Amino acid sequence: MEKKKSTIGSIDWLTICIYVALLALGWTSICGACYEYGEPKDFLSLAAFSTRTGMQLVWIGSSLLLAALILLLDDRIYDTFAYLIYALMLLLLIATPFLAHNIKGSMSWIKIGPFSLQPAEFAKFATSLALAKFMSAYGFRLRDSWRNLFACIALFLVPMVLIVLQKETGSALVYLSLFLMLYREGMPGSILFTGIAAVSYIVVGLRYSEVHLIGTWFSLGDALVLALIAVYVLGLLYVYCRHTALLQDADGIHQASLHALRFKRHAYITLFAIASLALHFSASAIVDHMPDHQQKRIQVLLGLRDDPNGVGYNQIQARIAIGSGGLAGKGFLNGTQTKLKYVPEQETDFIFCTVGEEQGFIGSAAVLILFLILLWRLIHLAERQPTVFGRVYGYCVFSIFAFHVIINVGMVLGLMPVIGIPLPFFSYGGSSLWGFTFLLFIFLRIDAGRIRMQR
Amino acid sequence: MLGASVALIIVVYLIRLFTLQLMSDIYKDRADSNAFLRRIQFPARGSISDRNGKLLVFNQPAYDIMVVMKEQEGVDTLSLCQSLGITPEWYVQRMEEIRKMKGYSPLTQQLFMSQLSAQESSDFQEKHTLYHGFSIQKRSIREYTGPWAAHLLGDVGEVSPSEIERDDYYRSGDYIGKQGVERSYEKQLRGIKGSEILLRDVHGRIKGKYQNGRYDVLPIPGKNLTLSIDLELQKLGERLMQGKLGAIVAIEPATGEVLCLVTSPTFDPREMTGRQRGQHFATLARAPHTPLLNRAIQGIYPPGSTFKTSQALTFLQEGIITKDTRYPCNHGFHYGGLKVGCHGHPSPLDLVPSIATSCNGYFCWGLHAMLDNRSKYPTVQDAMSTWRDYMVSMGFGYPLGIDLPGEKRGLIPNAEFYNAKLHDRNGRPHWNGLSVISISIGQGEVSLTPLQICNLAATIANRGWFITPHVVHAIQDGELDPKYSKRRYTDVSPAHYETVVQGMERAVLGGTCRSAYTPNYVTCGKTGTAQNLGHDHSVFMGFAPKDNPRIAVAVYVENGGWGATFGVPFGALIIEQYINGHLSEASEQRAQALINKPISYAPLRSRSLPKD
Numbered sequence: 000m001e002k003k004k005s006t007i008g009s010i011d012w013l014t015i016c017i018y019v020a021l022l023a024l025g026w027t028s029i030c031g032a033c034y035e036y037g038e039p040k041d042f043l044s045l046a047a048f049s050t051r052t053g054m055q056l057v058w059i060g061s062s063l064l065l066a067a068l069i070l071l072l073d074d075r076i077y078d079t080f081a082y083l084i085y086a087l088m089l090l091l092l093i094a095t096p097f098l099a100h101n102i103k104g105s106m107s108w109i110k111i112g113p114f115s116l117q118p119a120e121f122a123k124f125a126t127s128l129a130l131a132k133f134m135s136a137y138g139f140r141l142r143d144s145w146r147n148l149f150a151c152i153a154l155f156l157v158p159m160v161l162i163v164l165q166k167e168t169g170s171a172l173v174y175l176s177l178f179l180m181l182y183r184e185g186m187p188g189s190i191l192f193t194g195i196a197a198v199s200y201i202v203v204g205l206r207y208s209e210v211h212l213i214g215t216w217f218s219l220g221d222a223l224v225l226a227l228i229a230v231y232v233l234g235l236l237y238v239y240c241r242h243t244a245l246l247q248d249a250d251g252i253h254q255a256s257l258h259a260l261r262f263k264r265h266a267y268i269t270l271f272a273i274a275s276l277a278l279h280f281s282a283s284a285i286v287d288h289m290p291d292h293q294q295k296r297i298q299v300l301l302g303l304r305d306d307p308n309g310v311g312y313n314q315i316q317a318r319i320a321i322g323s324g325g326l327a328g329k330g331f332l333n334g335t336q337t338k339l340k341y342v343p344e345q346e347t348d349f350i351f352c353t354v355g356e357e358q359g360f361i362g363s364a365a366v367l368i369l370f371l372i373l374l375w376r377l378i379h380l381a382e383r384q385p386t387v388f389g390r391v392y393g394y395c396v397f398s399i400f401a402f403h404v405i406i407n408v409g410m411v412l413g414l415m416p417v418i419g420i421p422l423p424f425f426s427y428g429g430s431s432l433w434g435f436t437f438l439l440f441i442f443l444r445i446d447a448g449r450i451r452m453q454r
Numbered sequence: 000m001l002g003a004s005v006a007l008i009i010v011v012y013l014i015r016l017f018t019l020q021l022m023s024d025i026y027k028d029r030a031d032s033n034a035f036l037r038r039i040q041f042p043a044r045g046s047i048s049d050r051n052g053k054l055l056v057f058n059q060p061a062y063d064i065m066v067v068m069k070e071q072e073g074v075d076t077l078s079l080c081q082s083l084g085i086t087p088e089w090y091v092q093r094m095e096e097i098r099k100m101k102g103y104s105p106l107t108q109q110l111f112m113s114q115l116s117a118q119e120s121s122d123f124q125e126k127h128t129l130y131h132g133f134s135i136q137k138r139s140i141r142e143y144t145g146p147w148a149a150h151l152l153g154d155v156g157e158v159s160p161s162e163i164e165r166d167d168y169y170r171s172g173d174y175i176g177k178q179g180v181e182r183s184y185e186k187q188l189r190g191i192k193g194s195e196i197l198l199r200d201v202h203g204r205i206k207g208k209y210q211n212g213r214y215d216v217l218p219i220p221g222k223n224l225t226l227s228i229d230l231e232l233q234k235l236g237e238r239l240m241q242g243k244l245g246a247i248v249a250i251e252p253a254t255g256e257v258l259c260l261v262t263s264p265t266f267d268p269r270e271m272t273g274r275q276r277g278q279h280f281a282t283l284a285r286a287p288h289t290p291l292l293n294r295a296i297q298g299i300y301p302p303g304s305t306f307k308t309s310q311a312l313t314f315l316q317e318g319i320i321t322k323d324t325r326y327p328c329n330h331g332f333h334y335g336g337l338k339v340g341c342h343g344h345p346s347p348l349d350l351v352p353s354i355a356t357s358c359n360g361y362f363c364w365g366l367h368a369m370l371d372n373r374s375k376y377p378t379v380q381d382a383m384s385t386w387r388d389y390m391v392s393m394g395f396g397y398p399l400g401i402d403l404p405g406e407k408r409g410l411i412p413n414a415e416f417y418n419a420k421l422h423d424r425n426g427r428p429h430w431n432g433l434s435v436i437s438i439s440i441g442q443g444e445v446s447l448t449p450l451q452i453c454n455l456a457a458t459i460a461n462r463g464w465f466i467t468p469h470v471v472h473a474i475q476d477g478e479l480d481p482k483y484s485k486r487r488y489t490d491v492s493p494a495h496y497e498t499v500v501q502g503m504e505r506a507v508l509g510g511t512c513r514s515a516y517t518p519n520y521v522t523c524g525k526t527g528t529a530q531n532l533g534h535d536h537s538v539f540m541g542f543a544p545k546d547n548p549r550i551a552v553a554v555y556v557e558n559g560g561w562g563a564t565f566g567v568p569f570g571a572l573i574i575e576q577y578i579n580g581h582l583s584e585a586s587e588q589r590a591q592a593l594i595n596k597p598i599s600y601a602p603l604r605s606r607s608l609p610k611d
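The listed protein sequences correspond, in order, to chains X and U.
Under numbering that gives the first Met the number 0, think of the first position of the first sequence as 0, with each following residue one higher.
Under numbering that gives the first Met the number 0, think of the first position of the second sequence as 0, with each following residue one higher.
Read the hints as simulated data drawn from the structure, not as lab findings.
Remember, predicted model here, so these are calculated numbers, not experimental data.
Take the hints with a grain of salt, since some may be wrong.
[Claimed, not checked] Cβ-Cβ distance ranges computed for the label pairs, FRET-style:
#1 U/92 - X/361: 52 to 60 Å
#2 U/129 - X/326: 47 to 55 Å
#3 U/92 - X/112: 52 to 60 Å
#4 X/451 - U/23: 49 to 57 Å
#5 U/173 - X/326: 32 to 40 Å
#6 U/202 - X/46: 27 to 35 Å
#7 X/451 - U/202: 26 to 34 Å
#8 U/32 - X/112: 42 to 50 Å
[Said to hold, decoys possible] Taking lysine-lysine pairs in the DSS-like style, the calculated list, with each CA pair at most 25 Å apart, reads:
#9 X/340 - U/222
#10 X/40 - U/206
#11 X/340 - U/208
#12 U/208 - X/40
#13 U/222 - U/137
#14 U/222 - U/186
#15 U/27 - U/53
#16 X/340 - U/206
[What the hints assert, rightly or not] These stretches of chain X come out as covered by chain U in the derived footprint (C-beta under 8 Å, 3 or more residues):
#17 118-125
#18 318-331
#19 338-350
#20 368-376
Just so you know, even glycine gets a beta-carbon here, dropped at the ideal spot from N, CA and C.
Just chain X, same shape as in the assembly (with noise of 0.2 Å):
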């Protein structure tokens, strides 16, 4: 009885507020994306089954049923059954082409009765259960060898290969997010910044490669590009042989071991330098080598052309969506470009647009505050676990629920490329909302535990 009362006592109540206001919000966004004009506007009909929104009431009605049946269960079962949650996890997603039926040239949808099911949806928190479980293992330290980071990568790099297989490209990139996990946990800051370092170059050095200075065959692209490696180049000399020009002062004892040192992260530099040059003309050689609409859709994510009716045509619908709502928004149910279908897959990737056009600047920087504070929090209750199990996991949850949420938004802002992957708790659907409820729920569950640890 006791023991029950402080499991209770100790869940963290904030986060189940901002889970249940962020499910709350997502309703009325997809009341707003979903209703069709000319139908009646009183809860009754938005709630009735048949619309979609109904559907919705009854995936979070069943979402929230799932958060207190997770609740409720007892912690120790996830680290036990971690391996084979994620066996099992791994046999459905080999499964899933085989049952599947094409939606839009995806095969990662599994028909059940009335439902459809997506199982890449959970194979995120069966994956980070894997991870956490691996990574609490006695002794291991992720610094100690190359082989046990590459187990890591490998981890999810099989379900990320598996869903790729389902034509499901988007949901796969999610668990390069994991890499911050990784980094939390000892890998080492140059893997995540050179990867880093190699996204922004082949971004900003094809987004301005149409702009010639003038005289000259050196694009302004170029020019940015040699001042981001400069920039990098200055910044890595100064964290990393900073410490070393102090220390050379100090006594002439380790004078030898210091230089071969400096020499070591010298070289490094160097080294980084080059392969920052030459993967920057390699990648605009091979980008000038590929088929036109392949450059096309490239130049489109990274906002050179302006395609009102190609590839860009989303992205420009969702701006103009948004930019409608200005300070307060429409009003419920008053937004005109989602109610009249302007935006594509406004009530799924697109959903933030509603937010935008309906609730305006207000509502959406409330929504965006709200994922900030459940974010920050995720690494408030990560750091705090007395566990490696439960600080991995938590880790996870926060890399995958930072990746959705920077991803979506930033594509709908027209900040990011167009990744097809959902906004957690808005866009419509049962397996994103159910997949979202475990990955959260397990975490929560897992950190009220904690209190047991500490007795």
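The hints should help you fit chain U onto chain X, whose structure is shown.
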């Protein structure tokens, strides 16, 4: 570190949201143009009636057949063609045209056929449920109560690109007054368009009214016009002029209101509506004798002897002659080798009989006495300028300003005109009164429109002033341009007009206008027999009654011969019709005889029309 990075990205997103939603209106505008379809609601055009309230022009429902391509598949085309009275070939061709049109969408309504009459569309209306995807849309076209006053009433047609550019009220496909009153009173007749805001989805389908029509604006109907035209008078005028070329204009002197404005040849305005307009217009433009020309205000004619009244007034006012001044006339004006002929009458004679008998010699001597009077005017140019100013004050030489489009100015020559025309080898002006003597009898360089001749009659009837002639009597809930109630005085004093009135009265009592005499009221008149390249034009100008005149009239019959042949009897009939409200039996017989009396016109090659 991770938390800070995420926070930074979210802040960047907030800034992006801020710029998208609060810094610019372009997204709002683009959203509106996406979603809102502003559908124009057309106001009913004002009707037009004559001065007695008889309806002349009104609106008639017409029907457009619309088609939604996506929905029309599987329709029995043959039956549809039968219902609409079109051939299957035309159907196929039209469907092709529609598919190629700019902004074509298979999901929205496209115009298939336009402006069908109720009769033409009745079969389709009955069976329209069979023709899925085809629908009927009501519009309105102009309908005329009779074949009268085509030029005066004008017509409406689709607005041209240049008209759209001039006035942003119009959109492509709108209708606008093209001719006549329809054009000059376009702003009053058209009303004000309303609009409704409809919601349109991404496929172009209409989903309903925005905010249940809260922002819709109802159209304001156009104003009805009451013309000053007397329909019965107009009808009589057009009947008299059948088969003849020319014009008849009548004005109410006290108000400047035009009572009839007849031009011949004319056409049936009812043929200028609906779908046939373009084709019919082209036919008329090629027809002989330029039926599209409104001779009453666009015909430029030598005024002939009717002009002598204006000369008498000028000479009297300038003190060149008095009422009692006598000039000789021995079958004309002889001066050196110069001769202007005249018919036989007593000589010498003073002013009143000279008007009554229309003596050429008298007015030639008068003009000579004025232009070659070097003691009063230092040069012939000074004299000519003085003369010209009198003419202009009587409304000649410039458009009078009637409320109809296309009025012509005629020609009143001035000193510069003759300086340029009559000069020696060194280019120095070389002319005097004798060089230009024929203008005194309304020949030579002088030309007037029939409206200006009628206005001269109205000015004499008023003894020295006129009001700018106009064809609209009243605008519903509106006021006429103030210039149509302002008196314009000539430079000649009323006493001199009285003298001229006496001459014109005498012309009816025993002069050239004898056949206009009636015991019922005193008619004043002046004939004209205008020489030209062909047979003389028959001209008459007059008014009645002499005191408190009710009607001034000008008749111009091309190649009609003597003024007395057609001009005088036509003028008398017009006056009788207006004053009595009908023609007596004898007059009716006379009218019929004149209508049956032919004038043979040389088959002319069509003249090119002046551009409007």
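Hints, one by one, checked against the model:
| no. | hint | verdict |
| --- | --- | --- |
| 1 | U/92 - X/361: 52 to 60 Å | 57 Å, holds |
| 2 | U/129 - X/326: 47 to 55 Å | 53 Å, holds |
| 3 | U/92 - X/112: 52 to 60 Å | 54 Å, holds |
| 4 | X/451 - U/23: 49 to 57 Å | 56 Å, holds |
| 5 | U/173 - X/326: 32 to 40 Å | 38 Å, holds |
| 6 | U/202 - X/46: 27 to 35 Å | 28 Å, holds |
| 7 | X/451 - U/202: 26 to 34 Å | 59 Å, violated |
| 8 | U/32 - X/112: 42 to 50 Å | 44 Å, holds |
| 9 | X/340 - U/222 | 43 Å, violated |
| 10 | X/40 - U/206 | 16 Å, holds |
| 11 | X/340 - U/208 | 16 Å, holds |
| 12 | U/208 - X/40 | 16 Å, holds |
| 13 | U/222 - U/137 | 21 Å, holds |
| 14 | U/222 - U/186 | 9 Å, holds |
| 15 | U/27 - U/53 | 52 Å, violated |
| 16 | X/340 - U/206 | 11 Å, holds |
| 17 | 118-125 | violated (count 0) |
| 18 | 318-331 | holds (count 9) |
| 19 | 338-350 | holds (count 4) |
| 20 | 368-376 | holds (count 5) |
Of the numbered hints listed earlier, those contradicted by the structure are 7, 9, 15 and 17.
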